[in-house]
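Number of protein chains: 2
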Amino acid sequence: MVETTVVNRAVKKLGKQTFQLANPPVIVGAAAIVGPKEGQGPLGNIFDLVLPDTLAGEKTWEKAERKMLKDAVNMALQKANLTTKDIDFFMAGDLLNQIISANFTARDLGIPFIGLYGACSTMVESLCLGSMLIDGGFANNVAVAASSHYDTAERQYRFPTELGVQRPPSAQWTVTGAGAMVVSGTGIGPAVTHVTIGKVIDLGIKDANDMGSAMAPAAADTIVAHFKETTRQPSDYDLIISGDLASIGHSLTIQLVKQAGYDMSKNFTDCGILIFDPSQDTHAGGSGCGCSAVVLSSYILGQMKAGKYKRVLAIGTGALLSPTATLQGESIPGVAHAVVMDAYSLSGG
Amino acid sequence: MVETTVVNRAVKKLGKQTFQLANPPVIVGAAAIVGPKEGQGPLGNIFDLVLPDTLAGEKTWEKAERKMLKDAVNMALQKANLTTKDIDFFMAGDLLNQIISANFTARDLGIPFIGLYGACSTMVESLCLGSMLIDGGFANNVAVAASSHYDTAERQYRFPTELGVQRPPSAQWTVTGAGAMVVSGTGIGPAVTHVTIGKVIDLGIKDANDMGSAMAPAAADTIVAHFKETTRQPSDYDLIISGDLASIGHSLTIQLVKQAGYDMSKNFTDCGILIFDPSQDTHAGGSGCGCSAVVLSSYILGQMKAGKYKRVLAIGTGALLSPTATLQGESIPGVAHAVVMDAYSLSGG
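Just so you know, the protein sequences line up as chains A and B, in that order. Here the numbering used here is used: the first residue of the first sequence is 255, the next is one more, and so on. Here the numbering used here is used: the first residue of the second sequence is 255, the next is one more, and so on.
Only chain A is shown next, with the shape it has when bound in the complex (with noise of 0.2 Å):
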C-alpha cells in the first residue's frame, strides 16, 4: 500500500519569511461556532452555530470549548464531504495551558495530530503548516482550527470571571468560539497561495491588558517582510485583514507599517474589531485564537466565495502572554504570521 507523489515542485522562496506555494491548496469547507455574546454581534448571522449559553450544556468552561471546537471541526468536515479517515493530519491549538482544549479534541478525532501554540496567532499558524505541509506532497487532507473561550482565558489569564474585575479601556475581550478548516491539495475554494512565517518581537509592554501594543510590532513585522518579499503593494490586496489586534492594536500597525512606507489605511481591519459592536461594551474588542478563526472561517470565507473579496491578506498575532513570566518582571512578545487567500480561481478572474 505504497502511495507515492510525485509532484514537479516549484516552491518559491521569495525572501527570509515567505514562500509562494507552488501547487496552492484549497479551503474546501470551514465552520464557526461561537458563543451568545459573539452571536449577538453584527456578524452573529454569518456563523453556523450560536450556543445558547457559554456551558454548551457541559459541567465546566474548558468541557464547553473543546465541545466547541470537535463540533466546528466535524462541520468542516460535513461541508467538505470528508470523514475523519480522510484527513492526514489534525493540526491545532488553542490558548489553554498545555493546549487540553486541542488535546481532547485530537483524542476523540482520532486524526494524527500535530499540536501547536501560538496563541491568537494559531489559526493562521495552523493554515500556513497545513497548507506547506499538502503542498510539500505530505498530505492531500489537513484539518485546522483553534478555539478560545472568555471564561476559561480570564481565568487562566487574568481574574477568573465571577470575581468582576473592572476592565481598561484598552482590554480585549477573547472570544468564546472555534473555528475550523478542511484544506485539501484538490477541490473548490479559496486557494492559500502564500506563507509568511513570523519572529518573536518583543518591544517591551508590561500590560495584560493591552495586547494590541504588544502585538502589534510583530504583525507590522510581518506584514512589511511580506510585502518586501512579495514585491506587492496593500493595494494588491482587496483585503488585509489581522487576527486579533483589535482598535489600538490596529491603529499602531497602520502607523508602524506606514514607516516602512507602505499605505494600510484603506483596506486593513481586524478580527477584533469586525466580531462585536461598539455598543457591546468589549472596550478595545475581540481577541483569542478563536476570534480570527471564527471571522476568517465563516466571514471571510463567505465574502470570497460570494466575489466581494477576491485576494486576502490573513495575519494571524499571538501576544505570547504568559502570567508567570509577567510576575517575573517579563514583556509580552508578540509573534504573527501571514497567508494569502486568494479566490481567482473560483470565478476565472
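These are calculated hints, taken from the structure and not from any lab test. Misleading hints may appear alongside valid ones.
Any copy, or any two copies together, can satisfy a pair, since identical chains are not distinguished.
Unchecked claim - Derived BS3-like pairs (lysine-lysine); straight-line CA-CA distance at most 27 Å:
1. LYS562 x LYS333
2. LYS564 x LYS482
3. LYS266 x LYS520
4. LYS520 x LYS460
5. LYS313 x LYS460
6. LYS482 x LYS339
7. LYS512 x LYS564
8. LYS512 x LYS270
9. LYS270 x LYS562
10. LYS339 x LYS270
11. LYS313 x LYS512
12. LYS512 x LYS333
Please arrange chain B on chain A, whose structure you already have, making use of the hints.
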C-alpha cells in the same frame, strides 16, 4: 531575490501515518546542556555543558530554563558552522504554560518561529516537522529544540519542590536540560529517513505521578503503525529508543507492542532510563521535553557517528497532562511521534 527550488519529489506515504522522505535531510549539528543531577548520571560526561546549579546565574528557574535552551541552540549552530541568519525556521516547545522557554528563546534568536506543544514528545515532533519542511523544499536549515527544568515543571504540574512532597515509586523525575539540533538539506550527519505522526490515545490513566502508564498506549500505537506501514521489524533497527517512558512505561510498551506481533525485548530502551542511575533515586526514571532532547542530541547522535548504531528509531512520547483537566476529572491522554535516523550514508554501508 527569488530563490527557486525545483525538486523531483517522490514522498512515499507508506500508510496513514508514515512518510519516507524523498531527500532525507541530515542532522548537521546538535548540542545538549543539563543540570547538575543529570551531569552526575551515567551520561554526564557526554553532554556539552553541565550547569553547576539549577539557576545558571539567573534569578528564577524559568529564566534559567530559557537560558539553557538559547545556549543549546547557539552551540548546535556553532557545531554546524552556521549562524542564526542561515536558519529558515526555529521550531521548538517546552513544558511551561504558553511555552515561554521557546517563545523567549525565539525572541532572542530572531529566527522565524513555529511554536509547538507536544509535552515530552516535542523534540521528536519538531524533528519530524522540520525534516518534512526541508524535504518539502521550504527550508535549507532548521533548528529544532526542546527544554525542561525540574523545578519549573514540578511547581507547575505538581508541587513546588521546596515543599518536599514525597514522590511515589511510579513518579518520573523531570530532567533539567535543553537539547537542540540543526537539520539541513545538505551536509554530513545522520539522515532523517522516515517520519511517523501519532494520534492522541487515552486509556484513562489519571495519576500525574504515573505518566509512563499514560504514555505507553500512545507509544505502542505509533510504534506498531510504524512497523506495519514500513513493513519493518524491530530487528531492522540497531536501537529503538523512546523518550520518555521511563521504566514503567517501557515495560508496558514492550507488552503492548508484543500483542501486535512485534518483539522489542532485545533492542528497545528509553531516554528516561538512560539518563539517571537507579542510585540517583529518581524512581521510574527521567521525563520532560528536555530528557529526550538531551539524550538524542548528545548520546544517540554521538553513538551513531561513532558507528555503534547505524539505524535508530526514536519515539517521542508526551503525556498531555493538565492540572486543570485533572481537577475536572479528566484522564491524561498521550501522544507519540517517531523518526528514523539513519547513519548508513556516513559509513557507506
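These are the hints, each one checked on the structure:
no. : hint            : result
1   : LYS562 x LYS333 : within (21 Å within a copy, 52 Å between copies)
2   : LYS564 x LYS482 : within (21 Å within a copy, 45 Å between copies)
3   : LYS266 x LYS520 : neither (29 Å within a copy, 46 Å between copies)
4   : LYS520 x LYS460 : neither (30 Å within a copy, 53 Å between copies)
5   : LYS313 x LYS460 : between (34 Å within a copy, 19 Å between copies)
6   : LYS482 x LYS339 : between (40 Å within a copy, 18 Å between copies)
7   : LYS512 x LYS564 : within (24 Å within a copy, 55 Å between copies)
8   : LYS512 x LYS270 : within (21 Å within a copy, 47 Å between copies)
9   : LYS270 x LYS562 : neither (32 Å within a copy, 38 Å between copies)
10  : LYS339 x LYS270 : between (36 Å within a copy, 9 Å between copies)
11  : LYS313 x LYS512 : neither (48 Å within a copy, 39 Å between copies)
12  : LYS512 x LYS333 : neither (40 Å within a copy, 41 Å between copies)
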